[in-house]
Structures are given as C-alpha cells and as structure tokens.
Amino acid sequence: MISLRLFTLVAHHRSFSEAGRVANVSQPALSRTIRILEDQLNARLFDRDSRNVRLTVAGEALLPIVERLTADFDHAFSELSHSLSGARGRVVVGALPSVAAGDLPAAIASFRISHPMVDVVLRDQLSGTLYQQMQERQIDLAITTPPEEGTFHFDPLMQDAMVLVVKAGSALDTGATARWSILAEHPFIAMAPRSSVRELTDAAFSKAGLTVRGLYDCTQLATVGALIEAGLGITALPRSTLGILHQGRIAARPLSHPTVERTIGLAHPLGRTLSPAADAFRRHYLAEVRAGRAGDEASSPV
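Anchor point for the sequence shown: position 174 equals 174 in my numbering, and the numbering is continuous, going up by one each time.
One should not assume that every hint holds.
[To be verified] In silico lysine to any residue, SDA-like type, Cα no more than 20 angstroms apart, as pairs: (1) 207 to 249; (2) 207 to 226; (3) 167 to 187; (4) 167 to 104; (5) 167 to 177; (6) 207 to 254; (7) 207 to 161; (8) 167 to 217; (9) 167 to 48; (10) 207 to 242; (11) 167 to 254; (12) 167 to 230; (13) 167 to 280; (14) 167 to 148; (15) 167 to 226; (16) 167 to 222; (17) 207 to 185; (18) 207 to 167; (19) 207 to 182; (20) 207 to 230; (21) 167 to 181; (22) 167 to 220; (23) 207 to 178.
[What the hints assert, rightly or not] Cβ pair distances, simulated, as ranges: (24) 121 to 60: 18 to 26 angstroms; (25) 112 to 217: 14 to 22 angstroms; (26) 135 to 207: 27 to 35 angstroms; (27) 246 to 114: 31 to 39 angstroms; (28) 121 to 287: 38 to 46 angstroms; (29) 112 to 171: 21 to 29 angstroms; (30) 110 to 155: 35 to 43 angstroms.
Keep in mind the hints are simulated off the structure, nothing from the lab.
We put the CB at the ideal spot given by N, CA and C, even for glycine.
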C-alpha cells in the first residue's frame with residue numbers, strides 16, 4: 001500500500017523530488033520503491049528526463065485503480081478506527097427489571113448522544129438468567145446483584161433496602177417501620193423462586209425464624225403491584241422497584257428485624273476482553289451512576 005501511495009504522489013505532482021518532499025521520503029528511496037513496483041507489474045509507469053515526469057500508458061491505466069483502492073482502504077481503516085475506539089459498534093446490556101425501568105434508560109440516552117453510531121440492545125432478565133447469558137455470550141455486561149461464583153468482575157454501585165409494600169390507604173398504610181413478622185400475619189405475595197428478590201425474602205425469613213408461605217410466585221413486578229392494589233396481599237421489595245409500580249396505589253414502609261438490602265452493580269465476565277463499544281458503555285454507566293450518587297450525597301441535609 002505504501003508503494004501505491006508513493007506512485008499516486010509522483011503521478012499527481014509529476015515530480016519525484018516534490019513527491020519525496022510531501023511524503024518525507026528521500027528521492028533515492030522513492031525511486032527505488034517505484035522501480036520495485038514496476039518490476040512487480042512488469043511495466044514501466046513513468047517516462048522521465050531531466051525536466052519532466054510523465055505517466056506511461058500503463059501508468060495512466062494504473063492511476064484510477066490505485067486511487068479507488070486507496071479510497072476504499074482509507075474508508076475501511078476509518079471504519080476500523082471507529083470500531084476500535086468504541087465510537088461505532090453494538091453493545092448488549094442485561095439488567096434487572098427494576099434497573100431497566102429505573103435509571104438505565106437515562107444512561108443509555110446520554111450514551112447515545114456521545115456515541116451515536118453505537119447500537120445499544122437492552123435485555124431485562126432475572127439475575128440468574130443474566131449471568132447465564134453472559135457466560136453464553138448473549139449479552140456483554142449486566143447490571144444486577146453480585147455473582148455467586150468468582151468468574152465475573154463486579155463493580156458495586158448501590159445498596160437497595162427492602163421495604164414493606166402494601167395497598168395505599170389500607171389499614172397497613174401507616175408509614176411506620178414494620179418487622180418482617182408482619183408478612184407472616186397477612187397473605188404474602190412472593191416473587192419467582194429464581195429471582196434475586198425471592199432470595200432476599202427467603203433469607204430474611206430464615207434469619208427472623210419465620211415460616212411464611214408465599215402466594216402466586218410472580219415473575220413480573222407489575223403483577224405483584226396489581227395483586228397488592230386488588231387487596232390480595234402484601235410483599236417485600238427493594239426500594240428501587242417502587243418506580244415500576246403504580247404510584248398512589250401502593251405504599252411502602254421500612255422493614256427491620258432484620259434490616260435487609262441487596263447490592264446492585266455492573267458485572268462482566270472475567271478473562272474476556274469487552275468490545276470497545278461495550279467497554280465505552282461500561283465506563284459511561286459507571287461514571288453516570290457515581291456522579292448521580294455524589295450529587296445525592298451533596299444535596300442531602302447534614
């Protein structure tokens with residue numbers, strides 16, 4: 001490719017000395033490069049004397065071909081540079097439903113402003129499914145709870161406390177802190193067994209020495225909210241999930257004895273290099289969340 005570029009410079013400038021000056025190549029080295037190219041093509045490309053350099057018939061035929069090849073190479077190299085820098089590409093992000101319906105869309109929107117040529121695909125799933133999909137290379141990274149095994153890198157971002165969720169305006173809507181034992185005294189609407197929320201409630205019941213029979217085993221938070229609104233029971237959910245439910249139709253109270261919270265963070269497989277686009281999104285999301293957390297802390301009353 002270098003010899004072709006030098007050929008183009010000589011053809012355009014009609015001068016070996018000027019082409020050498022532009023390319024920062026000595027005239028003997030330039031002449032040698034052109035001679036090697038002519039030997040490879042078995043054709044003379046320039047006629048020259050002490051005053052003039054002119055393209056031969058072979059040179060005239062070669063010039064548009066070289067210009068087209070050079071333009072194609074430059075375009076391809078530019079595309080590759082964009083991909084390697086993370087400015088172009090595709091990233092598949094997995095997230096817990098509560099995160100996918102929370103601050104993640106705003107982070108994707110701001111990322112799209114700075115990286116308009118990167119396609120972002122969002123898949124909301126339960127925590128166990130997200131880790132399986134990362135292992136199977138279906139998603140690049142996930143915003144979820146910590147992994148059970150050490151084959152993933154995990155950046156913790158926030159603590160998400162469990163709260164009691166009841167029907168707004170009901171007798172249980174007092175705003176006061178409740179004990180976990182309240183869930184054994186009323187119909188308990190449970191999340192699906194594989195969900196991170198179910199793992200938290202089961203662990204809390206065990207720690208409190210409670211036996212609680214769950215109803216419905218819901219996979220969708222919207223279903224849980226609808227059941228509570230219908231007066232069919234109460235539940236315990238991470239505070240971050242409340243935004244998915246109908247505000248004004250449900251109410252939340254702090255839970256204690258024990259106090260339970262989950263850690264939410266950004267995970268990706270160990271030993272696997274993220275694509276530039278995925279790594280750009282990872283860095284962007286971490287910065288967004290940490291900046292938001294810093295802002296919340298700064299605005300909190302002392």
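So, going through the hints one by one against the coordinates:
1. Distance hint between residue 207 and residue 249 is unfulfilled; the C-alpha atoms sit about 30 angstroms from each other, more than 20 angstroms.
2. At roughly 29 angstroms between alpha-carbon atoms, residue 207 and residue 226 are farther apart than 20 angstroms, so this suggested pair is violated.
3. Distance restraint check for residue 167 and residue 187: the Cα-Cα separation of roughly 12 angstroms lies within the 20 angstroms cut-off, and the hinted pair is therefore satisfied.
4. For the hint pairing residue 167 with residue 104, the CA-to-CA distance comes to about 27 angstroms; that exceeds 20 angstroms, so the pair is violated.
5. Distance check on the hinted pair: residue 167 and residue 177 sit about 16 angstroms apart at the alpha-carbon level, within 20 angstroms; holds.
6. The suggested pairing of residue 207 with residue 254 holds, with an alpha-carbon distance near 17 angstroms, which does not exceed 20 angstroms.
7. Using a Cα cut-off of 20 angstroms, the hinted pair residue 207 and residue 161 holds, with the two alpha carbons roughly 16 angstroms apart.
8. Restraint check for residue 167 and residue 217: the C-alpha separation of about 19 angstroms stays at or below 20 angstroms, so the hint holds.
9. The hinted pair formed by residue 167 and residue 48 fails the criterion: a straight-line CA distance of about 93 angstroms is larger than 20 angstroms.
10. For the suggested pair residue 207 and residue 242, the alpha carbons sit about 24 angstroms apart, so the restraint of at most 20 angstroms is broken.
11. For a cut-off of 20 angstroms, the pair hint linking residue 167 to residue 254 stands: about 15 angstroms separates their Cα positions.
12. Our distance criterion of 20 angstroms between C-alpha atoms is met by residue 167 and residue 230, whose separation comes to about 8 angstroms.
13. Only pairs whose Cα atoms come within 20 angstroms are accepted, and residue 167 paired with residue 280 is rejected, the gap being roughly 42 angstroms.
14. The straight-line distance between the Cα atoms of residue 167 and residue 148 is roughly 34 angstroms, outside the 20 angstroms bound, and the hint therefore fails.
15. The suggested pairing of residue 167 with residue 226 holds, with an alpha-carbon distance near 10 angstroms, which does not exceed 20 angstroms.
16. The hinted pair formed by residue 167 and residue 222 meets the criterion: a straight-line CA distance of about 14 angstroms does not exceed 20 angstroms.
17. Of the supplied pair hints, the one linking residue 207 and residue 185 holds, its CA atoms being roughly 17 angstroms apart against a limit of 20 angstroms.
18. A hinted pair counts as satisfied when its Cα atoms are at most 20 angstroms apart, and residue 207 with residue 167 does not qualify at roughly 26 angstroms.
19. Only pairs whose Cα atoms come within 20 angstroms are accepted, and residue 207 paired with residue 182 is accepted, the gap being roughly 14 angstroms.
20. At roughly 30 angstroms between alpha-carbon atoms, residue 207 and residue 230 are farther apart than 20 angstroms, so this suggested pair is violated.
21. With a C-alpha separation of about 18 angstroms, the suggested pairing of residue 167 with residue 181 holds against the 20 angstroms cut-off.
22. With a C-alpha separation of about 17 angstroms, the suggested pairing of residue 167 with residue 220 holds against the 20 angstroms cut-off.
23. The straight-line distance between the Cα atoms of residue 207 and residue 178 is roughly 16 angstroms, inside the 20 angstroms bound, and the hint therefore holds.
24. Between residue 121 and residue 60 the Cβ separation comes to about 50 angstroms, which falls outside the hinted range of 18 to 26 angstroms.
25. Take residue 112 and residue 217: their Cβ atoms lie about 37 angstroms apart, and the range 14 to 22 angstroms is violated.
26. At roughly 30 angstroms, the beta carbons of residue 135 and residue 207 sit within the given window of 27 to 35 angstroms.
27. Checked against the hint of 31 to 39 angstroms, the C-beta distance between residue 246 and residue 114 comes to roughly 34 angstroms, which is consistent with it.
28. Taking the beta carbon of each, residue 121 and residue 287 are about 21 angstroms apart, not inside 38 to 46 angstroms as hinted.
29. Taking the beta carbon of each, residue 112 and residue 171 are about 46 angstroms apart, not inside 21 to 29 angstroms as hinted.
30. Checking the proposed 35 to 43 angstroms range against residue 110 and residue 155 shows it is violated: the Cβ atoms sit about 18 angstroms from each other.
Hint compliance for this structure: hints 1, 2, 4, 9, 10, 13, 14, 18, 20, 24, 25, 28, 29, 30 are not met, and every other hint is.
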